[in-house]
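Construct all of the structure, not just a fragment, from the sequences and the given hints.
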Amino acid sequence: MLKTLFNQNSIADKYKNLVNQINVLENTMQTLTDSELRAKTFELKKIYPNKQNKDFLIANSFAIAREASIRTLGLRHFDVQLIGGLVLNEGKIAEMRTGEGKTLVATLPTYLNALTGKGVHIVTVNDYLAERDQISMGQIYRLLGLDTGLIQENMSIEERQQNYDADITYVTNSELGFDFLRDNMALNLKEVVLRPFNYCIVDEVDSILIDEAQTPLIISNTINTSIDKFVISAEIIEYLEVNIHFKVDEKKKNIILTEQGTAQIEKILSIKDLYSLNDPWIPYIINALKSKTLFFQNVHYIIQNNQVIIVDEFTGRIMPDRRWSDGLHQAVEAKEGLPIRESTQTVASVTYQNFFLLYPKLAGMTGTGKTAEFEFEKIYRLSVDEIPTARPVLRYDLSDFIYKDQLSKWNAIAKECKNISLQGQPILVGTTTVEKSEMLGQLLKEYQLPYQLLNAKPENVRRESEIIAQAGKKGNITIATNMAGRGTDIVLGGNIEFKIRKQLYTILVFYKNRNKLQRTKNIFPLINELGICSQKFLSVLISLFNNKKFFSLSDTEILRIINESSKIRIFKNNYQGSIKFLVNQLLLFEKKYQILENSIVKNLGGLYVIGTERNDSRRIDNQLRGRCGRQGDPGKSRFFLSLDDNLLKRFGGSNIQNVMQNQLIDDSPLESNLLTKSLDLAQKRVEEADYDARKYVFDYDDVLNKQRNVVYYERRQILESKSVRDKILAYGEQVIFEISNELKEKSLENKQAFFIIENLFGAKLAINTLSKYNVNYKNLEAVELETYLYQEFWLCYESKAVELEIHQPGIIRALERTLILIYIDIAWKEHLQKMSLLRDAVGWRGYGQRNPLFEYKEEAYDLFQIIGQTTRHLVIYDLIRSSML
Numbered sequence: 001m002l003k004t005l006f007n008q009n010s011i012a013d014k015y016k017n018l019v020n021q022i023n024v025l026e027n028t029m030q031t032l033t034d035s036e037l038r039a040k041t042f043e044l045k046k047i048y049p050n051k052q053n054k055d056f057l058i059a060n061s062f063a064i065a066r067e068a069s070i071r072t073l074g075l076r077h078f079d080v081q082l083i084g085g086l087v088l089n090e091g092k093i094a095e096m097r098t099g100e101g102k103t104l105v106a107t108l109p110t111y112l113n114a115l116t117g118k119g120v121h122i123v124t125v126n127d128y129l130a131e132r133d134q135i136s137m138g139q140i141y142r143l144l145g146l147d148t149g150l151i152q153e154n155m156s157i158e159e160r161q162q163n164y165d166a167d168i169t170y171v172t173n174s175e176l177g178f179d180f181l182r183d184n185m186a187l188n189l190k191e192v193v194l195r196p197f198n199y200c201i202v203d204e205v206d207s208i209l210i211d212e213a214q215t216p217l218i219i220s221n222t223i224n225t226s227i228d229k230f231v232i233s234a235e236i237i238e239y240l241e242v243n244i245h246f247k248v249d250e251k252k253k254n255i256i257l258t259e260q261g262t263a264q265i266e267k268i269l270s271i272k273d274l275y276s277l278n279d280p281w282i283p284y285i286i287n288a289l290k291s292k293t294l295f296f297q298n299v300h301y302i303i304q305n306n307q308v309i310i311v312d313e314f315t316g317r318i319m320p321d322r323r324w325s326d327g328l329h330q331a332v333e334a335k336e337g338l339p340i341r342e343s344t345q346t347v348a349s350v351t352y353q354n355f356f357l358l359y360p361k362l363a364g365m366t367g368t369g370k371t372a373e374f375e376f377e378k379i380y381r382l383s384v385d386e387i388p389t390a391r392p393v394l395r396y397d398l399s400d401f402i403y404k405d406q407l408s409k410w411n412a413i414a415k416e417c418k419n420i421s422l423q424g425q426p427i428l429v430g431t432t433t434v435e436k437s438e439m440l441g442q443l444l445k446e447y448q449l450p451y452q453l454l455n456a457k458p459e460n461v462r463r464e465s466e467i468i469a470q471a472g473k474k475g476n477i478t479i480a481t482n483m484a485g486r487g488t489d490i491v492l493g494g495n496i497e498f499k500i501r502k503q504l505y506t507i508l509v510f511y512k513n514r515n516k517l518q519r520t521k522n523i524f525p526l527i528n529e530l531g532i533c534s535q536k537f538l539s540v541l542i543s544l545f546n547n548k549k550f551f552s553l554s555d556t557e558i559l560r561i562i563n564e565s566s567k568i569r570i571f572k573n574n575y576q577g578s579i580k581f582l583v584n585q586l587l588l589f590e591k592k593y594q595i596l597e598n599s600i601v602k603n604l605g606g607l608y609v610i611g612t613e614r615n616d617s618r619r620i621d622n623q624l625r626g627r628c629g630r631q632g633d634p635g636k637s638r639f640f641l642s643l644d645d646n647l648l649k650r651f652g653g654s655n656i657q658n659v660m661q662n663q664l665i666d667d668s669p670l671e672s673n674l675l676t677k678s679l680d681l682a683q684k685r686v687e688e689a690d691y692d693a694r695k696y697v698f699d700y701d702d703v704l705n706k707q708r709n710v711v712y713y714e715r716r717q718i719l720e721s722k723s724v725r726d727k728i729l730a731y732g733e734q735v736i737f738e739i740s741n742e743l744k745e746k747s748l749e750n751k752q753a754f755f756i757i758e759n760l761f762g763a764k765l766a767i768n769t770l771s772k773y774n775v776n777y778k779n780l781e782a783v784e785l786e787t788y789l790y791q792e793f794w795l796c797y798e799s800k801a802v803e804l805e806i807h808q809p810g811i812i813r814a815l816e817r818t819l820i821l822i823y824i825d826i827a828w829k830e831h832l833q834k835m836s837l838l839r840d841a842v843g844w845r846g847y848g849q850r851n852p853l854f855e856y857k858e859e860a861y862d863l864f865q866i867i868g869q870t871t872r873h874l875v876i877y878d879l880i881r882s883s884m885l
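Following full-length UniProt numbering, the numbering of the sequence shown begins with 1 at its first residue and continues without gaps.
Rather than coming from a laboratory, the hints here were simulated on the basis of the structure.
We put the CB at the ideal spot given by N, CA and C, even for glycine.
Please note that the accuracy of each hint is not assured.
As the list claims (entries may be wrong) - Here are the simulated SDA-like cross-link-like pairs (lysine to any residue), alpha carbons at most 25 Å apart as the crow flies:
(1) Lys378 / Glu687
(2) Lys267 / Asn278
(3) Lys502 / Ile595
(4) Lys92 / Tyr164
(5) Lys45 / Asp55
(6) Lys436 / Leu647
(7) Lys706 / Ile219
(8) Lys253 / Pro280
(9) Lys292 / Thr225
(10) Lys591 / Arg463
(11) Lys415 / Pro634
(12) Lys727 / Thr818
(13) Lys834 / Thr344
(14) Lys14 / Arg381
(15) Lys45 / Arg76
(16) Lys292 / Asp321
(17) Lys16 / Glu386
(18) Lys46 / Thr28
(19) Lys502 / Asp555
(20) Lys580 / Leu538
(21) Lys92 / Leu358
(22) Lys591 / Arg76
(23) Lys857 / Arg845
(24) Lys40 / Asp165
(25) Lys118 / Glu153
(26) Lys361 / Leu44
(27) Lys253 / Asp680
(28) Lys857 / Arg381
(29) Lys457 / Asp489
(30) Lys536 / Glu497
(31) Lys40 / Gly74
(32) Lys361 / Thr371
(33) Lys602 / Gln423
(34) Lys474 / Glu446
(35) Lys592 / Gly493
Stated by the list, open to error - Cβ-Cβ distance ranges computed for the label pairs, FRET-style:
(36) Gly117 / Val710: 26 to 32 Å
(37) Val710 / Arg322: 24 to 30 Å
(38) Ile268 / Ala693: 31 to 37 Å
(39) Val710 / Glu153: 28 to 34 Å
(40) Tyr505 / Lys418: 32 to 38 Å
This is how it looks when you write it as structure tokens:
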């Protein structure tokens, strides 16, 4: 197979020698015991720092990891997976089709780079994938003597430190980013959880580095909120009419208020200026209009527990910890009549672009990366290599069907589902919003078609893995809102693992909760009902019921052990071994039926994927299509569209609409090359607009990022230093230099000059000595004045140190460090607010033929100078006045 592969693909040819070296080592690795295989890790760790023979190190580490995978998971890396691992190890993006085993591929470069002892981060899009991969793939690393860590949302600082210190850590992108920000707000080294970055592999890299990168990570504090203004604004906009009082720009998701609208609002509010700086109403009105015209329930958000919960438009998942900024979230709450939570103020932020660029070595995996290759290279300096599939792709992408309106389209989809399901072929329908998924569900009910629904609603999310796993079962219809990063394979004929887990859980819980006599009487009927006749199965089951430790388990603990049974190698308790045996017996029993079901579904044509409209990005469409035709399975996909779909309405143009309307005279579909090209062009335009928006965020944050790096570096130096005494003395010297310059420039009288000095250093300075001897500071040379003031400051500082040390030894050192850190944070927080206002202000200067970004950089530099000065003055001022009272 590999010989053919090399003839067809240049990427395979590039890594031909290394792949052959790895394959040659396979026989050698098979002869080693587990202990000998583990010992290889320590051998490689010794030679890793030298890297004299890089190919030797790579080939051996990949061969070792492959053998460990076979022994723990029963999975052997294909040659194309070795190529994927080599691409990742070079710090690139590996594009691999859905179902090609990206998760397993990542174990190869992960093991190699973990040999440095500096840690490897595997970044996933959600907690479920992080936990799943850490449990399953972690077996490979643990066999080889490496430890793994997992970061979850509610972990303590100590737990996070322990898991980040592991050789390999699985973590979500948001948790990792927020931990980085929190580390740079810590007042003590014990609160820092991350160690220096080394190597990172990002799973679903396009979802994280592109889709998620449109919004920066922000840590914020609540501030006083004018709730009345949000409520009043929500009521006022009911008296405004679109295109008369305001205009809606759907492309840029913006609202433009007309002069007539401004006058109308000012009249209703009985105010003279809607834009008044002292009492501004304009941001509240604009957000109220946005919430009404651009943000909709069950599309952009859902309401849960009396709160507005954002729905991720790319994955269809809810984001309970995220809130829209700048008052938009409060405006949506006011629109829905919900309790309005307080607004927030940013205290720390970072964009995904600048955050992931902190890694010395970064790589990523995805099934759809080529369409965004330009952005990956431009922003992240990551190239995309397309990895060939292990088996030929048998998916057939049918041409789009176009209907004249939404009603015709949805009816056609329902009819298609009915016709296809009669044949038994499984169907996966991808929708773009929660609202549309539920509407289609109601339509299928009218056709008396059973279906499974997966969207952001909590009652559906809980069954996500099971729903997706069984989407390939014969006759199943599954409706899902977006399919990015679901993390569960769709197996044709159904996934028997989920089925047998449910069966075994039913058996164990059913009999555990009955007395011994009832179990003896009733055990055989249920087993026979399930079709399980193995005597060995029954004897192990009965012995399990005689195990007292098993009976102390809760139903939840039983379910967890069943789910993790395939990953258990060493049994802490007898009942774990028994449960694993029962799971394996059920798997063997069901496998013959699964093979038959798989063959039937393949003969029916595999999974049929239906798209209900084109997404803004081609990548999202490709992710949906990629759910069928995995690993050589057959499959087909088709998109059902209408002329009033969002994409066509926004970007199709009136000419396209008119031409198509004339051709669509009834409910019959149209296959039009002209419209397909128009849609492709529209998607490219949206992608370009989205890229420009992300590039805008990146360019402006790049200015802030340079400042952030300086502040965070200085902060870390202070945090790690044993004493900051030299820093305090340097601060004092700088402050005195600044005061001296100010005094000279302003030519102040002695009394005024002394007041300035006293105000900063306190009355204890012997500054009146100058006045006593009628010495005017103006007659002194700058150096003389600065020397004199510095001596006085030093005396004052030393006396304060002695005073505090008498009360509590060591307190002065802790106080100095804490004061510096606190005032750096305060100054930085205020700086972030100023920078945000500056970015908004310079945007208008483009109308004056001035470069906004250039203006932003210049003024940002001036603002940054104030941070250091403010911090120094506040630290010295507070330190001199500190006491133990």
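Each hint tested on the structure:
Straight-line distance between C-alpha atoms of Lys378 and Glu687 comes to about 15 Å, which keeps the hinted pair within the 25 Å bound. For the hint pairing Lys267 with Asn278, the CA-to-CA distance comes to about 18 Å; that is within 25 Å, so the pair holds. Between Lys502 and Ile595, the direct Cα distance comes to roughly 19 Å. Compliance with the 25 Å bound is thereby established for this hinted pair. With a CA separation close to 24 Å, the supplied pair Lys92 and Tyr164 stays within the 25 Å bound.
The hinted pair formed by Lys45 and Asp55 meets the criterion: a straight-line CA distance of about 15 Å does not exceed 25 Å. Straight-line distance between C-alpha atoms of Lys436 and Leu647 comes to about 16 Å, which keeps the hinted pair within the 25 Å bound. For the proposed pair Lys706 and Ile219, the alpha carbon gap of about 19 Å is at most 25 Å, so the pair holds. Among the hinted pairs, Lys253 with Pro280 is consistent with the structure: their alpha-carbon atoms are about 22 Å apart, no more than 25 Å.
Between Lys292 and Thr225 the CA atoms are separated by roughly 21 Å; this keeps the pair inside 25 Å, and the hint holds. For the given pair, Lys591 sits about 23 Å from Arg463 by alpha-carbon distance, which is consistent with the 25 Å threshold. Using a Cα cut-off of 25 Å, the hinted pair Lys415 and Pro634 holds, with the two alpha carbons roughly 23 Å apart. Our distance criterion of 25 Å between C-alpha atoms is met by Lys727 and Thr818, whose separation comes to about 13 Å.
A distance of roughly 15 Å separates the Cα atoms of Lys834 and Thr344; the hinted pair therefore holds under the 25 Å criterion. At roughly 21 Å between alpha-carbon atoms, Lys14 and Arg381 fall within 25 Å of each other, so this suggested pair holds. With a C-alpha separation of about 24 Å, the suggested pairing of Lys45 with Arg76 holds against the 25 Å cut-off. In summary, the hint linking Lys292 to Asp321 is supported, as the alpha carbons are separated by about 23 Å, within the 25 Å threshold.
Restraint check for Lys16 and Glu386: satisfied, since their Cα atoms lie roughly 16 Å apart, inside the 25 Å limit. Distance hint between Lys46 and Thr28 is fulfilled; the C-alpha atoms sit about 20 Å from each other, no more than 25 Å. Restraint check for Lys502 and Asp555: the C-alpha separation of about 12 Å stays at or below 25 Å, so the hint holds. Distance check on the hinted pair: Lys580 and Leu538 sit about 14 Å apart at the alpha-carbon level, within 25 Å; holds.
Taking the CA atoms of Lys92 and Leu358, the gap is near 16 Å; set against the 25 Å cutoff, the hint holds. Taking the CA atoms of Lys591 and Arg76, the gap is about 20 Å. The hint holds against a cut of 25 Å. The hinted pair formed by Lys857 and Arg845 meets the criterion: a straight-line CA distance of about 13 Å does not exceed 25 Å. The hinted pair formed by Lys40 and Asp165 meets the criterion: a straight-line CA distance of about 22 Å does not exceed 25 Å.
For the hint pairing Lys118 with Glu153, the CA-to-CA distance comes to about 23 Å; that is within 25 Å, so the pair holds. The straight-line distance between the Cα atoms of Lys361 and Leu44 is roughly 20 Å, inside the 25 Å bound, and the hint therefore holds. Taking the CA atoms of Lys253 and Asp680, the gap is near 21 Å; set against the 25 Å cutoff, the hint holds. For the hint linking Lys857 to Arg381, the alpha-carbon distance of about 23 Å falls within 25 Å, and the restraint holds.
Distance check on the hinted pair: Lys457 and Asp489 sit about 22 Å apart at the alpha-carbon level, within 25 Å; holds. Of the supplied pair hints, the one linking Lys536 and Glu497 holds, its CA atoms being roughly 20 Å apart against a limit of 25 Å. Of the pairs offered as hints, the one joining Lys40 and Gly74 holds, with about 20 Å between alpha carbons and a cut-off of 25 Å not exceeded. Of the supplied pair hints, the one linking Lys361 and Thr371 holds, its CA atoms being roughly 23 Å apart against a limit of 25 Å.
For the hint linking Lys602 to Gln423, the alpha-carbon distance of about 12 Å falls within 25 Å, and the restraint holds. The suggested pairing of Lys474 with Glu446 holds, with an alpha-carbon distance near 21 Å, which does not exceed 25 Å. Straight-line distance between C-alpha atoms of Lys592 and Gly493 comes to about 12 Å, which keeps the hinted pair within the 25 Å bound. For the pair Gly117 and Val710, the supplied restraint of 26 to 32 Å holds, since their beta-carbon distance comes to about 29 Å.
The beta-carbon spacing between Val710 and Arg322, approximately 29 Å, falls within the hinted interval of 24 to 30 Å. Range check, Ile268 to Ala693: about 34 Å between beta-carbon atoms, so the 31 to 37 Å window is met. Between Val710 and Glu153 the C-beta distance comes to about 31 Å, which sits within the given range of 28 to 34 Å. Range check, Tyr505 to Lys418: about 34 Å between beta-carbon atoms, so the 32 to 38 Å window is met.
Every hint from the earlier list agrees with this structure, and none is contradicted.
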